[in-house]
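All chains, full assembly: derive it from the sequences and hints.
Chains as they are written, first to last, in our numbering: chain A, 1 to 307; chain B, 1 to 307.
Treat each hint with caution, since some may be false.
One copy or two, it doesn't matter: identical chains are merged, so the pair holds either way.
[Said to hold, decoys possible] Below are the DSBU-like pairs computed for lysine-lysine, each with C-alpha atoms no more than 35 Å apart in a straight line:
#1 Lys286 with Lys180
#2 Lys189 with Lys78
#3 Lys183 with Lys286
#4 Lys78 with Lys264
#5 Lys47 with Lys222
#6 Lys183 with Lys222
#7 Lys222 with Lys286
#8 Lys264 with Lys286
#9 Lys50 with Lys264
#10 Lys264 with Lys222
#11 Lys264 with Lys148
#12 Lys148 with Lys222
#13 Lys264 with Lys189
#14 Lys183 with Lys2
#15 Lys165 with Lys264
#16 Lys78 with Lys286
#17 Lys264 with Lys2
#18 Lys46 with Lys180
#19 Lys180 with Lys222
#20 Lys286 with Lys2
#21 Lys50 with Lys222
#22 Lys286 with Lys47
Rather than coming from a laboratory, the hints here were simulated on the basis of the structure.
Number of protein chains: 2
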Amino acid sequence: MKLNEAAENVLKVIDSYGFKEQGAYNLRLNGMAVCHGDSRHIRIVKKEDKPGIDIFISGEAKDEQVHIPVVMSESGMKDVVYNDFYIEDGADVTIIAGCGIHNDGCSESRHDGIHAFHIGKDANVKYIENHYAEGNGTGGKVLNPVTKIYVGENSIFTLETTQIKGVDSTERETFIELAKGAKLFVTEKLMTHADQSAISNMDVQLNGENSSARIVSRSVAKGTSRQVFHPRAVGNNLCHAHVQCDSIIMDEAEISSIPEINAKHVDAQIVHEAAIGRINDEQLTKLRTFGMSEEEAEAVIIETFLN
Amino acid sequence: MKLNEAAENVLKVIDSYGFKEQGAYNLRLNGMAVCHGDSRHIRIVKKEDKPGIDIFISGEAKDEQVHIPVVMSESGMKDVVYNDFYIEDGADVTIIAGCGIHNDGCSESRHDGIHAFHIGKDANVKYIENHYAEGNGTGGKVLNPVTKIYVGENSIFTLETTQIKGVDSTERETFIELAKGAKLFVTEKLMTHADQSAISNMDVQLNGENSSARIVSRSVAKGTSRQVFHPRAVGNNLCHAHVQCDSIIMDEAEISSIPEINAKHVDAQIVHEAAIGRINDEQLTKLRTFGMSEEEAEAVIIETFLN
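Here you go:
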């Protein structure tokens, strides 16, 4: 499968593990699945009733990967895709998703990925989602993902989402349910610049006994961009949750962090921490003594903060 | 002024500084101002157009007190009162307010205190508000305070609110604006039991350069009671804010903490911490080795936590 240069570049950025046409994979380009492959333990089936795929992951899968990147290189497309993951008991898998937009035109390009994860018992699932946009056109680059994750008994779900740059507008909706002994690890990284806007709503229901969640959100807002975070952790049983949101505000940006912790059970233990502040001046000065310009020093600090 | 025993007891609980008919004071009993006095620097004037008083505090007032307790000992009353404080530049004053309800009847007793504070420059104002209710009747005891506080340049405002016990339902609305160099210190303590419900919304606007806010909220929820906290700190200038909410959850209670931190300026530095958890088991065990019953040990821990 040969991609044009723009698509190829975008694909490289969003699939940091390296996209290859081998094992289990599905590449969606400009609203169409252009190539796909199954592996022994992972089967990808095109949906009949709507755009998108069903991904069946066997309990036999151990330390396996599935790559399902989405690339939009044509201006003015609106792509809605429904992907459902059915993950059997005991599976151990890393799912590399993400969406990259190259928009050189003046019309809006928009991708709405609606993902649902149905996870059995004792599974270990890592889901990586990178969002990135580029292009010299005036057309907006919009990504509105909806993610629903049902984590079964004693399973572990690791969610790593990164909005690298270039996305003009995003509204993320994430809903997670944790069964008995299930563990959730979330790392959300987000950078906005210019007049971009980002809204992230996350609802974590700790339903099962001994379920736990650790959510870390780190963001940088530059220019006149706007960010709103609304993570919500609801303890419905004996459980632990820790939510941490740290943001760096720059220029004329605005950041709003509205975490909600809700204990509905006497043994629910939930902690939240949030901080918004400007870039560390001491660090900046220190780096500048090494001969860096202010911009270079800022870039280093931001990269360190986000990684 | 002779009060009946019930009213006398309630007054003692809510005015922890000790209410006396001297200096500046105003006692409101069952919807009527029953006694009042001015001091040299503090003048209390009954409003003409609606229930309530205007309190004028001169800049000459130094380390002075004004007591304005409200007592409701008759069942089935609904009392709405508007109190406005006009505090001149440089005043140094402690205002002891609060509302106590004794309700032995089967009708609801409700007090809505609507307070506004207009504070000049370089003033130091401490506002203490205790809420308490008692009585064997089935009638509800409801307190819905609305508090608006405008803190002038380089003034300090200290707000200490305590809901001691017995209040069946409360909805607190607090709005605060801070001018240049103004400092706010808030301590909110709240205990709910049985099937009580408490909602506290607080909106702090840090408008002025170098304004700062430190908000500490501590609560205990027992029985099947419900608590919702929604503090909001908005940084509109170079400013610092620190919001901390800690709650102990017991029995079948439910606590929701939804703090919002909102930075609208690159030099706004805002930190939030919140934690909800059950009573510390180690502390409980330790105290019980001293021969305390579980209830006694719990009471000690709660008292320590709230004080």
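Consistency of the hints with the structure:
1. Proximity of Lys286 to Lys180 under the C-alpha cut-off of 35 Å is restricted to the inter-copy arrangement: shortest distance 31 Å between copies versus 48 Å within a copy.
2. In this homomeric assembly, Lys189 and Lys78 come within 35 Å of each other (Cα to Cα) only inside a single copy, at 25 Å, whereas the closest approach across copies is 51 Å.
3. Taking the shortest alpha-carbon separations for Lys183 and Lys286, only the inter-copy value of 32 Å comes in at or below 35 Å, while the best intra-copy value is 39 Å.
4. When the C-alpha separation of Lys78 and Lys264 is checked against a cutoff of 35 Å, the pair qualifies only between copies, where the shortest distance is 32 Å, while the shortest distance within a copy is 41 Å.
5. Taking CA atoms no more than 35 Å apart as the test, Lys47 paired with Lys222 passes in neither setting, with 40 Å inside one copy and 51 Å between copies.
6. Taking identical chains as interchangeable, the C-alpha atoms of Lys183 and Lys222 lie at most 35 Å apart whether they share a chain (33 Å) or sit on different chains (29 Å).
7. In the homo-oligomer, the alpha carbons of Lys222 and Lys286 lie at most 35 Å apart inside one protomer (22 Å), although the nearest pairing across protomers, at 51 Å, exceeds that limit.
8. For a Cα distance limit of 35 Å, the shortest separation of Lys264 from Lys286 across copies, 27 Å, qualifies, whereas the shortest one inside one copy, 47 Å, does not.
9. For the homomeric pair Lys50 and Lys264, neither the shortest alpha-carbon distance inside one copy (38 Å) nor that between copies (42 Å) is at most 35 Å.
10. Taking the shortest Cα distances, Lys264 and Lys222 sit within 35 Å of each other only across copies (12 Å), while inside one copy they are farther apart (38 Å).
11. Within a single copy, Lys264 and Lys148 get their C-alpha atoms as close as 22 Å, and across copies as close as 32 Å, so both meet the 35 Å cut-off.
12. Taking the closest pair of Cα atoms, Lys148 and Lys222 come within 35 Å of each other both inside a single copy (30 Å) and across two copies (34 Å).
13. Taking CA atoms no more than 35 Å apart as the test, Lys264 paired with Lys189 passes in both settings, with 29 Å inside one copy and 20 Å between copies.
14. Taking identical chains as interchangeable, the C-alpha atoms of Lys183 and Lys2 are never at most 35 Å apart, the minima being 40 Å within one chain and 63 Å between chains.
15. When the C-alpha separation of Lys165 and Lys264 is checked against a cutoff of 35 Å, the pair qualifies only between copies, where the shortest distance is 21 Å, while the shortest distance within a copy is 38 Å.
16. In this assembly of identical chains, Lys78 and Lys286 lie within 35 Å of each other by CA distance neither inside one copy nor across copies; the values are 46 Å within and 63 Å between.
17. In this assembly of identical chains, Lys264 and Lys2 lie within 35 Å of each other by CA distance neither inside one copy nor across copies; the values are 54 Å within and 46 Å between.
18. For the homomeric pair Lys46 and Lys180, the shortest alpha-carbon distance inside one copy (32 Å) is at most 35 Å, but the shortest distance between copies (61 Å) is not.
19. Taking identical chains as interchangeable, the C-alpha atoms of Lys180 and Lys222 lie at most 35 Å apart only when they sit on different chains, with a minimum of 26 Å there against 41 Å within one chain.
20. In this assembly of identical chains, the alpha carbons of Lys286 and Lys2 never lie at most 35 Å apart, being 46 Å within a copy and 70 Å across copies at closest.
21. When the C-alpha separation of Lys50 and Lys222 is checked against a cutoff of 35 Å, the pair qualifies neither within a copy, at 38 Å, nor between copies, at 50 Å.
22. Proximity of Lys286 to Lys47 under the C-alpha cut-off of 35 Å is found in neither arrangement, the shortest distances being 55 Å within a copy and 61 Å between copies.
Checked against the numbered hints above, the structure violates hints 5, 9, 14, 16, 17, 20, 21 and 22; every other hint is satisfied.
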